[in-house]
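Chemist: Those protein sequence lines, which keep their order, are chains A and B.
Under this note's numbering, the first residue of the first sequence is numbered 1, with each subsequent residue one higher.
Under this note's numbering, the first residue of the second sequence is numbered 1, with each subsequent residue one higher.
Be careful, since some hints might not be right.
[Said to hold, decoys possible] Cut-off 30 Å, straight-line C-alpha distance, at most; resulting in silico cross-link-like pairs (BS3-like, lysine-lysine): (1) Lys218/B to Lys84/A; (2) Lys14/A to Lys65/A; (3) Lys91/A to Lys218/B; (4) Lys242/B to Lys111/A; (5) Lys24/A to Lys218/B; (6) Lys78/A to Lys126/B; (7) Lys108/A to Lys91/A; (8) Lys218/B to Lys111/A; (9) Lys7/A to Lys245/A; (10) Lys78/A to Lys218/B; (11) Lys126/B to Lys63/A; (12) Lys63/A to Lys242/B; (13) Lys84/A to Lys126/B; (14) Lys242/B to Lys91/A; (15) Lys7/A to Lys218/B; (16) Lys63/A to Lys78/A; (17) Lys242/B to Lys108/A; (18) Lys126/B to Lys65/A; (19) Lys61/B to Lys84/B; (20) Lys14/A to Lys126/B; (21) Lys218/B to Lys108/A; (22) Lys218/B to Lys65/A; (23) Lys81/B to Lys61/B; (24) Lys7/B to Lys72/B; (25) Lys126/B to Lys24/A; (26) Lys63/A to Lys81/B; (27) Lys84/A to Lys242/B; (28) Lys81/B to Lys55/B; (29) Lys65/A to Lys141/A; (30) Lys218/B to Lys14/A; (31) Lys202/A to Lys74/A; (32) Lys31/A to Lys111/A; (33) Lys131/A to Lys242/B; (34) Lys63/A to Lys14/A.
Quick caveat, the hints were computed from the structure, so don't treat them as lab data.
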Amino acid sequence: MNILEIKNLSVEYKTSSSIVGAVKNVSFNVKKGETFVIVGRSGSGKSTVASAIMDLTGIDGGKIKSGSIFYRGKDLLKMTFDEKRVLKGSKISMIFQDPQSYLNPVIKVGKQIAESFTIHNSQASNDEIRKRVDEALKKVKLDDTERIFNSYPHQLSGGQKQRVLIAMAIMNNPEFLIADEPTTGLDASIQKQILDLINELKNTLGLTLIMITHNMRIARRYSDTMAVMHNGEIVEIGNTEEIFKNPKHEYTKLLINV
Amino acid sequence: MFQYLVKRLLYSIPIIIGITVLTFGVMYFTPGKPIDTMTDFNPQITSEAKERLVKLYGLDKPVHVQYWNWLKRVAVFDFGKSFKDGRPASEKIIERLPATILLNVLSIILMLVIAVPVGIYSAVRKYSLFDRVLTVVVFVCFSAPVFWVALMLMIVFGLWLGWFPISGLTSFDFSELSFFGKTWDLASHLVLPVIVSTLGSFAVLSRYIRSGMLDVLKQDYIKTAYSKGLSERQVIFNHALKNALLPLITIIGLSIPGLIGGSFIIETVFSYPGMGRLGFDAIMARDYPVIMGIGVISAFLTLLGNIIADVLYAVADPRIRYR
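Looking at chain A on its own, in the form it has when it is part of the complex (with noise of 0.2 Å):
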């Protein structure tokens, strides 16, 4: 069963002197439960599909020109704001690359994370929402949640942030989580420890995954299904293990070969 479904997508964006066509009539499926990665350089345009689906696109000062993104069947671009907004962060989470400027520096990481659970659950009285910001601060595996709680961003480490994103991104249980490049501006050594807890809360969770990335190891190392981005299109998509084996297009190629 597909949980999404992008259809002939088209990003634009607008420079100071001209029209920059991001995304050009890209399609593709995303299966329940699986882990789909796309994979380009930067200027690719794979993070511009994630924002898109994220209803971001706005914010970086693009435009949507044409296509639909289907989540379970409903068209995202024909809803309005406020039903897309019930969607984002509750069914529908992203976490993003770069952990130090994703979190706002003047709000406590605790009210930050309580504010992705308040904002689905107006209802909930403070003992739950502190019951549930310690949960999702222990599914990350920060265990000095009273510290954490009570931290501002610059007071933690690179790893630390960017479990705390991970922690905001499951607090409501997603069916769906994008990961923007979510290991881009950390040590090496972290790395692979936040993308395997990304793996284990995936299967622990029952998350369907969209990673994206320009590192063709982590590809191959998490995904069942692999889409090659070049300026702004999908230049080969499918099983990543065949994509590897029996690369067809000359860019994907060039990718695997570097």
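Take the given structure of chain A and dock chain B to it, following the hints.
Modeler: Frame of chain A; chain B shown alone:
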């Protein structure tokens, strides 16, 4: 933090002394001497009498001796007597303080109340009709000379329409009015000066807030907030506002000296009995003790404003810790 404060306060002492040296120097080397205004228009004054006056005020001594004598007195909080009417300079300054503080507190409040929402709204609705209209309004407010705006308001609202009095702080029969009448009288006198002194700063501040807010709305943590499912309103008020308003602390801190120093132009145009006009009159009369008194107080308050702003910054922004 405490250590930092002590350090900052100690550093302020040489800065204040430096400022007084500069003020004293500029004042001393400016053409025209204090006794000129007392003697020039008096045809009967003899040159001996002039000499005696110069001696009396210690103006015959070299500049560094004069400065040293002044500093010694200030060290025991004696700002000397006004050359003009012989009253203590400190008394003249204290007497003018409340009027200036009243005017400036009102305009700072008015400025914040208008500029903050306007700046935020025009950032959130960038390039909307409201934002475009506001850009023009701000440009006009900012460019129009204060004295000209003051005169225009006086003509339109004071003379033509007769809604507000155009000068002073109280009417001549103020002392006979009831409490309500006094308040009303005071308020109507304040309307025009407050508007004039708010206009320019409102224009600057609303632009500040607009650009600060635009900058914050582009930050990555705003994307995190939207991806949690927050509404635009929640993103703006829970996540963007605090970050965007942090620079306000500095701006308000820096406006503290203006609170006391007053505006020379506005107070002079409106014949407003505040510090600004006192300073203006003192400079015109080369009234050294009063000029220096105002100088010291302004310098002190500027530094104090800076320190307060820094401390508040540390309170508001958890990333900042002073040592």
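Chemist: Now, for every hint given, state plainly whether the structure supports it.
Modeler: Comparing the hints with the structure gives:
| no. | hint | verdict |
| --- | --- | --- |
| 1 | Lys218/B to Lys84/A | holds, 21 Å |
| 2 | Lys14/A to Lys65/A | holds, 12 Å |
| 3 | Lys91/A to Lys218/B | holds, 25 Å |
| 4 | Lys242/B to Lys111/A | holds, 15 Å |
| 5 | Lys24/A to Lys218/B | holds, 25 Å |
| 6 | Lys78/A to Lys126/B | holds, 25 Å |
| 7 | Lys108/A to Lys91/A | holds, 24 Å |
| 8 | Lys218/B to Lys111/A | holds, 22 Å |
| 9 | Lys7/A to Lys245/A | holds, 27 Å |
| 10 | Lys78/A to Lys218/B | holds, 25 Å |
| 11 | Lys126/B to Lys63/A | holds, 16 Å |
| 12 | Lys63/A to Lys242/B | holds, 28 Å |
| 13 | Lys84/A to Lys126/B | holds, 23 Å |
| 14 | Lys242/B to Lys91/A | holds, 29 Å |
| 15 | Lys7/A to Lys218/B | holds, 28 Å |
| 16 | Lys63/A to Lys78/A | holds, 14 Å |
| 17 | Lys242/B to Lys108/A | holds, 13 Å |
| 18 | Lys126/B to Lys65/A | holds, 22 Å |
| 19 | Lys61/B to Lys84/B | holds, 20 Å |
| 20 | Lys14/A to Lys126/B | holds, 16 Å |
| 21 | Lys218/B to Lys108/A | holds, 21 Å |
| 22 | Lys218/B to Lys65/A | holds, 22 Å |
| 23 | Lys81/B to Lys61/B | holds, 18 Å |
| 24 | Lys7/B to Lys72/B | holds, 24 Å |
| 25 | Lys126/B to Lys24/A | holds, 28 Å |
| 26 | Lys63/A to Lys81/B | violated, 71 Å |
| 27 | Lys84/A to Lys242/B | holds, 26 Å |
| 28 | Lys81/B to Lys55/B | holds, 15 Å |
| 29 | Lys65/A to Lys141/A | violated, 41 Å |
| 30 | Lys218/B to Lys14/A | holds, 15 Å |
| 31 | Lys202/A to Lys74/A | holds, 23 Å |
| 32 | Lys31/A to Lys111/A | violated, 34 Å |
| 33 | Lys131/A to Lys242/B | holds, 27 Å |
| 34 | Lys63/A to Lys14/A | holds, 8 Å |
Hint check: violations occur at hints 26, 29, 32; the rest are consistent with the structure.
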